[in-house]
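Those protein sequences? They're chains W and X, same order as listed. Numbered according to the UniProt record's numbering, the first sequence spans residues 1 to 300. Numbered according to the UniProt record's numbering, the second sequence spans residues 1 to 300.
No lab work stands behind these hints, which were simulated from the structure alone. Each hint should be verified, as a subset may be incorrect.
[Claimed, not checked] 30 Å max Cα-Cα, derived DSSO-like pairs, lysine-lysine:
(1) X/K295 <-> X/K18
(2) X/K98 <-> W/K15
(3) X/K15 <-> X/K98
(4) X/K145 <-> W/K18
(5) W/K42 <-> X/K206
(6) W/K246 <-> X/K246
(7) X/K98 <-> W/K77
(8) W/K246 <-> X/K98
(9) X/K194 <-> W/K68
[As the list claims (entries may be wrong)] Derived list of chain W stretches under chain X, where covered just means 3 residues or more per stretch with a C-beta under 8 Å from a C-beta of chain X:
(10) 135 to 142
(11) 274 to 282
Even glycine gets a Cβ: it sits at the ideal position worked out from N, Cα and C.
Protein chains: 2
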Amino acid sequence: MGLTVKATIASFGGKLFKLSHPSSSTGTEMAVNLYLPPQALKSSQTKKVPVLIYLSGLTCSPENCSEKGFFQHGASKRGLAVVYPDTSPRGLNLPGEKDSWDFGEGAGFYVDATREPFSKGYKMDTYITQELPQVLFGQDSEFGKYLDAERVSITGHSMGGHGALSLYLKNPGLYKSASAFAPIANPCECAWGKKAFGGYLGEDDKAKEEEWKKHDATELIRGEKWRGNKDARVLVDVGTGDNFYKQGQLLPENFEKAAKEAGVEGVTVRYQEDYDHSYYFMASFSDDHIDHAAKYLGLL
Amino acid sequence: MGLTVKATIASFGGKLFKLSHPSSSTGTEMAVNLYLPPQALKSSQTKKVPVLIYLSGLTCSPENCSEKGFFQHGASKRGLAVVYPDTSPRGLNLPGEKDSWDFGEGAGFYVDATREPFSKGYKMDTYITQELPQVLFGQDSEFGKYLDAERVSITGHSMGGHGALSLYLKNPGLYKSASAFAPIANPCECAWGKKAFGGYLGEDDKAKEEEWKKHDATELIRGEKWRGNKDARVLVDVGTGDNFYKQGQLLPENFEKAAKEAGVEGVTVRYQEDYDHSYYFMASFSDDHIDHAAKYLGLL
């Protein structure tokens, strides 16, 4: 698997590992950070710790949230590992890949692109749900002995909030719970989502009707896999001072309404007064999202 | 006084204000961040909150620790304000000011320079101990009603750790307590300190003998103001994995030894296994330093 350890950093009694590995999904070397809490590193350790995957937002790398999200604080307290993947392949040099900050490099949207040229390498759904767990939790991984591949939850911010919700909803049972900060909750209906889904999945009417909806959290929660579910285990926080929320890029109300209309229970959407879209917002509530995951990972 | 509010950001139930003001000490516009905890902003508020001044390290601005130090977490819990000043004047365009990252802009070392050309504007001691409190706590400040000018403590990182210890020790009674992360604890004896003190205070033997020692925490703690003091109220954390510690830039042992030999009590120096010089280190222990200050500010 070829995990390269680029740095090991003490953090809240545990260790943050800055890693990279060659990816067959993307065809590139992918960066990923892994936080192991002190509970995983105790010499008397006999039980593996559960894992929370955190998906970053537009333009971000694994570094941003590792430094500014404050997840290690709660993870250290509860005893769970945190995985911080990158947001796209980097260095493929595809045409148009670097033309904008909200599409292409740093903006993979956690879907498998089907449209040329991005179908070459922009396979972030496969990367996050299949390859990365194998790389980190598998038998060949030096970290496999610490991480419980059967107890994994997912969270994320903005584009990564969309990623967390959509990957969770597409794959019932794969994750024990999901949460999101300021997610792009209904990408079919906002500018960011239309640009990304158009570029990655196709812009013709058929693509919009058949493909886009398969990756949209609001469409997924009212779909057949979730309709009537009584234990959805979803927590969403949105700041009322978030300019992207005000501009209609996030649309959490659509997600909330769709869940309600489909009789889905266990979806909590909270509107946090005055909070913006930044890491200051996430840091203020990351303990809550750690606790949400910890509850369903058997730690609380 | 002319405080300009550039941004107001919700953080851990309180507000972070990004401010700037014209400074008579430096002759420049100075940036400063101020965190007000939720306790200060309650409408039923009747008591002012105490203040912790945090002094940043080499190259940093008020932004770095506001984003990555997580002092807001503990400050929100205990009910104290945090002030994040800048590390030097910026934009004076003095000869040599931008030639290196460890001297000049971003590296004011919290002393009043006496040597040309830095004696023009590099007055960070006066700025931190006299002007900034007046600007923030004074009658003309819109924040004066929230902040208790009589209950102030000081902390800092690296160069700012030196700043916190030296300003505290130079001015008994001005601050209720002091703490430091990885401080440059004996600048007269390390490369960073010799370069800074030489450039700001003079390089001749007389300057070294008479001036340098007035600003060196290790010299100050064994001096007449502190000798035999039984309640020094100083907490220092240093990571054993800190490369600057290993290179002899920090010398906390010299500080500890000087305090002990001078019969000073109440100085705690902790060596934290494996921690480095980064904000990951500070974030892991910022709650402890908040609690150290909170104890002497009457909050614990």
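> Regarding the pair W/K42 and X/K206, is the alpha-carbon distance no greater than 30 Å?
Replying inline: Between W/K42 and X/K206 the Cα gap is close to 54 Å, so the pair fails against 30 Å, i.e. violated.
> Hey, W/K246 versus X/K98, does the alpha-carbon distance stay inside 30 Å?
Replying inline: violated, 41 Å
> Is the Cα-Cα distance between X/K295 and X/K18 30 Å or less?
Replying inline: Measuring from Cα to Cα gives roughly 27 Å; hence the hint holds.
> Within 30 Å, alpha carbon to alpha carbon, are X/K98 and W/K77?
Replying inline: violated, 43 Å
> Given the hinted pair X/K194 and W/K68, is their alpha-carbon gap at most 30 Å?
Replying inline: violated, 33 Å
>> Between the alpha carbons of W/K246 and X/K246, is the straight-line distance 30 Å or under?
In response: violated, 50 Å
> Counting residues of the region 135 to 142 of chain W with a beta carbon closer than 8 Å to any beta carbon of chain X, are there 3 or more?
Replying inline: violated (count 0)
> If you look at each residue in the region 274 to 282 of chain W, do at least three have a Cβ nearer than 8 Å to any Cβ of chain X?
Replying inline: holds (count 7)
> Taken at face value, is the distance from the CA of W/K18 to the CA of X/K145 at most 30 Å?
Replying inline: Violated, at roughly 45 Å.
>> Would the hint linking X/K98 and W/K15 be met if the CA-CA limit is 30 Å?
In response: violated, 36 Å
> CA of X/K15 to CA of X/K98, is that 30 Å or under?
Replying inline: The hint is violated at about 33 Å.
Hints 2, 3, 4, 5, 6, 7, 8, 9 and 10, counting from the list given before, are not met by this structure.
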